[in-house]
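Asker: Can you make the complete structure from the sequences, with help from the hints?
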Amino acid sequence: MTKQLDNANAAQKVAAEALEAANKEKKRLLEEAKSREEEILGLRNELANAESSKKEAEDRKMEVEARLANAEAEFVANFHNTEAYTNFADYFARVGHQEVLTALRNDHPEFDVKSLEARFPPPDAEGEEEG
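Going by the UniProt record's numbering, the first residue of the sequence shown is number 1, and it counts up by one from there.
Don't take every hint at face value.
[Said to hold, decoys possible] Taking CB as the label site, the calculated pair distances span:
#, residue 1, residue 2, range
1, T102, F79, 14 to 24 angstroms
2, E39, R105, 52 to 62 angstroms
3, L47, D90, 55 to 65 angstroms
4, R105, I40, 54 to 64 angstroms
5, E39, P109, 51 to 61 angstroms
None of these hints come from the bench; they were simulated from the model.
All C-beta atoms, glycine included, are put in the ideal place defined by N, C-alpha and C.
Answerer: What follows is the structure in structure tokens.
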């Protein structure tokens, strides 16, 4: 009977150790699950923030595009009233003047364009000097 009792005690001891090991593993797995849950929650928050920022950026882009379209329409509608445009011929003379000087700057960087600018001022500058 003592042998049976010793066997029962040994079996109970092994069962207790197994239960203790299982409880430690269960605790570790629960902590890992909690950590993963917190990580998932953080990632979901990041995703929500990113989607919100994306929507705000899209809204801002649409707002800026609308303002740009309005500014362009306003410029085109009132172009003839701008100081840069006194009449059609003078406007294109100034544009041509700038295109020639820009082409010289780009094609011949060694050439001093400032001396040409001094000798041949733009048409609107000539008109201002005369007036």
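Asker: For every hint, state whether the structure bears it out.
Answerer: Hints and how they fare:
Restraint check, T102 to F79: a C-beta distance of roughly 21 angstroms satisfies the suggested window 14 to 24 angstroms. Distance hint for E39 and R105: a CB-CB separation of about 58 angstroms, consistent with the stated range 52 to 62 angstroms. Between L47 and D90 the beta carbons are some 58 angstroms apart, a value that agrees with the proposed interval 55 to 65 angstroms. Taking 54 to 64 angstroms as the suggested C-beta distance range, the pair R105 and I40 conforms, at roughly 59 angstroms.
About 57 angstroms separates the C-beta atoms of E39 and P109, a value consistent with the hinted range of 51 to 61 angstroms.
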